[in-house]
Amino acid sequence: MTGSAAIRSGVAFGVFGFGFGFMFGVVRTLLVAPRIGAFAAVAVEVSLMLAACTPLARWCLRRWAIAAPKTASAMGLVAFATGMACEVVFGLSLGQTPQMMLEAIARPAGMLGLAGQIGFALLPLGLLAAQRLPRE
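If you read the sequence shown in my numbering, its first letter stands for residue 1, the second for the next number, and so on.
For the record, the hints were derived by calculation from the structure and aren't laboratory data. Predicted model, so just to flag it, every value in this text is computed and none were measured. Using N, Cα and C, we set each Cβ at its ideal position, and we do this for glycine too. Careful, some of the hints might be misleading.
Estimated spans, in silico, between C-beta atoms of each pair [as the list claims (entries may be wrong)]:
#1 I36 to A106: 20 to 30 angstroms
#2 Q99 to R62: 32 to 42 angstroms
#3 E103 to L30: 17 to 27 angstroms
#4 L114 to T54: 25 to 35 angstroms
#5 L31 to S4: 32 to 42 angstroms
#6 A81 to T54: 18 to 28 angstroms
Just need the whole structure built from these sequences, with the hints factored in.
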């Protein structure tokens, strides 16, 4: 059940996270980046994404009763892979080549976005660890 919970919760977290990212990405691209630049716009988007995805990660942890750090880590890894797969499929549907996608990630704004996706993947483990901290 632990492996199944990690996969199911990770796929759910990844798909819904991609959905949030898609919405934030449209706003970033059309409204924010032209005003403040690509890098600053991604910084704003990453902050909002992590804030929006925190309750989602918490819900997934509860929904699939994930209490072990190993399972929370697997959930994050599956979510990261799911989100990246969604991004690749979406990019291909827009006519982007894999090389174009990699070149975009190699730019400063792309690196910051990738760092945000890694932070997204670490949310389940971080939230689980925070639950275990002694309360004052």
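For each hint, the structure was consulted:
Between I36 and A106 the beta carbons are some 21 angstroms apart, a value that agrees with the proposed interval 20 to 30 angstroms. Checked against the given bound of 32 to 42 angstroms, the beta carbons of Q99 and R62, roughly 41 angstroms apart, stay inside it. At roughly 22 angstroms, the beta-carbon separation of E103 and L30 lies within the given 17 to 27 angstroms, and the hint holds. Look at L114 against T54: about 19 angstroms separates their beta carbons, and that is not inside 25 to 35 angstroms.
L31 and S4 have their C-beta atoms about 40 angstroms apart, which keeps the hinted 32 to 42 angstroms range intact. A beta carbon spacing of about 20 angstroms between A81 and T54 agrees with the range 18 to 28 angstroms that was offered as a hint.
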